[in-house]
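**Q** The chain contents come next:
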Amino acid sequence: MKALTALILGAFFLLFVYAESDLPRPGDPAAPTRVHITPRYIEGSFPETKTPNIVTAVLADYRGYDTLGETAVIFTAGLAVMLILPRALRRGKRQ
Amino acid sequence: MRGIIHNTIVDGVARLMVPFIQIFALYVITHGHYGPGGGFQGGVILAASIMLLRLAMGEEEEHRRFSPTAAAAVAATGILIYFAAGLLPLATGGVFLDYAREPIPWLQGPELRSLGILVVETGVGMVVWGTLVILFDYLIGSEP
Chain A
292 MKALTALILG AFFLLFVYAE SDLPRPGDPA APTRVHITPR YIEGSFPETK TPNIVTAVLA
352 DYRGYDTLGE TAVIFTAGLA VMLILPRALR RGKRQ
Chain B
5 MRGIIHNTIV DGVARLMVPF IQIFALYVIT HGHYGPGGGF QGGVILAASI MLLRLAMGEE
65 EEHRRFSPTA AAAVAATGIL IYFAAGLLPL ATGGVFLDYA REPIPWLQGP ELRSLGILVV
125 ETGVGMVVWG TLVILFDYLI GSEP
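Residue numbers (the numbering used here), protein chains in the order written: chain A, 292 to 386; chain B, 5 to 148.
In short, the hints are calculated from the structure, not lab data. Cβ coordinates follow ideal geometry from the N, Cα and C atoms, glycine included. Some hints could be false.
Said to hold, decoys possible - Short, incomplete list of chain B residues facing chain A, as computed with Cβ under 10 Å:
id	residue
1	19
2	23
3	26
4	83
5	90
6	134
Throw the hints in and build the complete structure from the sequences for me.
**A** The following block contains the structure:
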């Protein structure tokens, strides 16, 4: 079983190494994300949102839906702590 | 945390520092438009000021001023602000989170989007602030 796991992991490792050779180099100016998305944000974010900080414009405006989900995750984590911890504390006291 | 020993120096430094920490947190939230900062970071700084007060003054006194229930209310209000900013444009025919269509007649598209970002960052800041105070209170274990 362990040998099989190692074999599968090794096969995936080789697959990833092979796939990695096709990725653009880090910082390559001709990479697909830098050809059409990056110039669009750099040129368009200030006229469109009047926000000099491109990161903030992308975070809260262009990718606002994503940030809404992140915020909901944080809020849910807080609610889960409120629900679970008092119960765990009470159980600890009883023992 | 029970039976906290009141120390004049710790008390004084905490009381002196907290207003500046909170002003700086508001600055970080509102300065997200122009530099590093934003709701997540500012909310963390606000929560840190509350935690400093709880550690320095003792929890009983601090819970009277800002209870864990109030922290939960702050976090819930923050996420409601975010959802409201997303849902309001639907009233004027926009799509969800399309700040340019917020129903504020005296502002135009880009200004509205800038304002929408500020509103949303404020909501994020409140959620992070409230949630971190909740985590602190419940992990310390003072809440029954």
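**Q** All the hints need checking, so say for each whether the structure fits it.
**A** Checked hints:
{"no.": "1", "hint": "19", "result": "27 Å, violated"}
{"no.": "2", "hint": "23", "result": "25 Å, violated"}
{"no.": "3", "hint": "26", "result": "20 Å, violated"}
{"no.": "4", "hint": "83", "result": "5 Å, holds"}
{"no.": "5", "hint": "90", "result": "6 Å, holds"}
{"no.": "6", "hint": "134", "result": "7 Å, holds"}
The structure does not agree with the numbered hints 1, 2 and 3 stated previously, though it agrees with the rest.
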